[in-house]
Amino acid sequence: MTALTWLTDPFTYEFMQRSLLVTVVASIVCALLSCWLVLIGWSLLGDAVSHAVLPGVVLSYIVGIPFAAGALVFGFGAVALIGAVRDTTRLKEDAVIGVVFTTLFAIGLVLVSVTPSHIDLSHILFGNLLGVTDADIWQVVVLGALTTAVLVVKRRDLTLLAFDPVHAHAIGLSPRRLRALLLAALAITVVVALQAVGVILVVAMVITPGATAFLLTDRISRMLVIAPAVAALCAVAGMYASYYLDASSAGMIVLMQGIAFGVAYAATWRTRRVRA
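Residue numbers (our numbering): 25 to 300.
Careful: at least some of the hints might be erroneous.
Cβ-Cβ distance ranges computed for the label pairs, FRET-style [stated by the list, open to error]:
(1) T112 to A290: 42 to 50 Å
(2) R243 to A130: 35 to 43 Å
(3) T126 to V287: 50 to 58 Å
(4) Q41 to E117: 36 to 44 Å
(5) R243 to T157: 35 to 43 Å
(6) T26 to V134: 48 to 56 Å
(7) W162 to A119: 36 to 44 Å
(8) V138 to D33: 39 to 47 Å
(9) V165 to A104: 39 to 47 Å
(10) P34 to V287: 34 to 42 Å
(11) V138 to L115: 25 to 33 Å
(12) R243 to L45: 26 to 34 Å
Note that these hints are calculated values from the structure, not bench results. Keep in mind that this is a model prediction, so the values were computed, not measured. The beta-carbon is built from N, C-alpha and C at its ideal position, and this holds for glycine as well.
Let's have the full structure, built from the sequences with the hints guiding it.
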């Protein structure tokens, strides 16, 4: 097998072309959002939302509507519920997040267990990357483009929120509205990534690229370039690895992101020691 054949052979199949498109779009959107999640310290919230949408996905399958509809409802609902419980109790946010997302995730598992003939658990939990339809592609591309546009347009405001919310309020911005905007973007991004990697692995896609970029630079402008670039590269590498190793596509993509983080960690280790 020549090098050119090795590179082109996987994508002579239409299902691989579809999978690559969905994966790259989802990876880029998740990577952009992950930069602010890492800076603000909302990584656990990304985990919570990604698990909390499971009941919505299952209910969508049961009633025969696009799973994005149910996932969005439960994604926004989980965010609202976390905020309500946090504001009306003495519990810290991490405890509230843990209770809400585990409870909603458990509800989803119960729904799956009582309707086994209608639900393919593996597709919901681990994605169905190699079986995406035209409708799935349009859904991912449209939602991904919408979320990316909002994040790019509001990038300066979101960055100020991450570093100095008091100053943001002083110049006339509303930190509450900016947080709500970011949470809405998180819910939509989770829906976008679900098609690619499923409920379980989506949390890695909304955390790892931003964490990797954070190790490599201390400027948000550079993070917003490095994170999507690394995520897209990992998406392509993961697709090749899954094809030639006959392994899980979603798992390989997330594994590649983990390897990229490890490389970034090793590359900046000496710098961290000097600063320490």
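Results of checking the hints against the structure:
1. T112 to A290: 42 to 50 Å: 45 Å, holds
2. R243 to A130: 35 to 43 Å: 41 Å, holds
3. T126 to V287: 50 to 58 Å: Given about 33 Å between the Cβ atoms, the range is violated.
4. Q41 to E117: 36 to 44 Å: 42 Å, holds
5. R243 to T157: 35 to 43 Å: 40 Å, holds
6. T26 to V134: 48 to 56 Å: Because 52 Å falls inside the window, the suggested range holds.
7. W162 to A119: 36 to 44 Å: 39 Å, holds
8. V138 to D33: 39 to 47 Å: Holds - the Cβ-Cβ distance for V138 and D33, about 43 Å, lies within 39 to 47 Å.
9. V165 to A104: 39 to 47 Å: Hint violated: Cβ distance 27 Å, outside 39 to 47 Å.
10. P34 to V287: 34 to 42 Å: At roughly 24 Å between Cβ atoms, V287 and P34 fall outside 34 to 42 Å, so the hint is violated.
11. V138 to L115: 25 to 33 Å: Holds - the Cβ-Cβ distance for V138 and L115, about 31 Å, lies within 25 to 33 Å.
12. R243 to L45: 26 to 34 Å: 30 Å, holds
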